[in-house]
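Spelled out from the first residue to the last, the chains are:
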Amino acid sequence: QVQLVQSGAEVKKPGASVKVSCKASGYTFTGLYIHWVRQAPAQGLEWMGWINPYSGGTDFAQKFQGRITMTRDTSISTAYMELSRLISDDTAVYYCARGRDAFDVWGQGTMVTVSS
Amino acid sequence: DIQLTQSPSFLSASVGDRVTITCRASQGISSYLAWYQQKPGKAPNLLIYAASTLQSGVPSRFSGSGSGTEFTLTISSLQPEDSATYYCQHLNSFPYTFGQGTKLEIK
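As given, the protein sequences belong to chains A and B, one line each in that order. Residue numbers for the first sequence follow our numbering, so the first one is 1 and each next one is one higher. Residue numbers for the second sequence follow our numbering, so the first one is 1001 and each next one is one higher.
Do not take every clue at face value.
Simulated crosslink set (SDA-like; lysine to any residue; CA at most 25 Å straight-line) [unchecked claim]:
1) A/K23 - B/P1040
2) B/K1042 - A/V114
3) B/K1042 - B/T1020
4) A/K12 - A/R100
5) B/K1039 - A/A42
6) B/K1039 - A/Q1
7) B/K1042 - A/G57
8) B/K1103 - A/Q108
9) A/K19 - B/Q1079
10) A/K19 - A/D73
11) B/K1039 - B/G1068
In short, the hints are calculated from the structure, not lab data.
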């Protein structure tokens, strides 16, 4: 079946970087964009950006420009999101999601905790 | 950026009730709107896309309508398992913002 499986929870110190992976299966990985969405504790959903797995092209929400990177490895159908210069407000669950007309398949989420 | 405003933010209703949630966009987005349901500790689940198209596998009691700047999600006969938070999202242009969410409680 179609699924996105994300890497496990992370605990990072302020100023560090985190890299979350999202492995796709059950469909052609290069056929659909992968988006990243985060959700801070008890808060709403925040769209972060997308990667085109076919071309490697990316686009990010303005607030993350300069400290976010999205990459992919088509040989293993995996997308990555790296966020640098972490602060406490980056504590959140990070989701990857497959997008076409909407985000129809989501990963299970990766909890990233930023704490000194 | 396009802003989405949902109303109400909180809703309490009884099993069997008809429930409507509204999502208003700060500018026209044609029909590029989706609705998601999220239960605690889980990823969001797509209910409706293109404003009114029911996602495969979603119960028919869910429906969506609207275009331009005003959209609605309707649950025709509320069930206990519909207790969740509901989000709208536009896909008109980047960034693909979400509404702030509507928490639905079953009385």
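Hint check results:
no., hint, verdict
1, A/K23 - B/P1040, "holds (23 Å)"
2, B/K1042 - A/V114, "holds (21 Å)"
3, B/K1042 - B/T1020, "holds (23 Å)"
4, A/K12 - A/R100, "violated (32 Å)"
5, B/K1039 - A/A42, "holds (12 Å)"
6, B/K1039 - A/Q1, "holds (22 Å)"
7, B/K1042 - A/G57, "violated (29 Å)"
8, B/K1103 - A/Q108, "holds (21 Å)"
9, A/K19 - B/Q1079, "violated (39 Å)"
10, A/K19 - A/D73, "holds (14 Å)"
11, B/K1039 - B/G1068, "violated (28 Å)"
In summary, the numbered hints that this structure violates are 4, 7, 9, 11.
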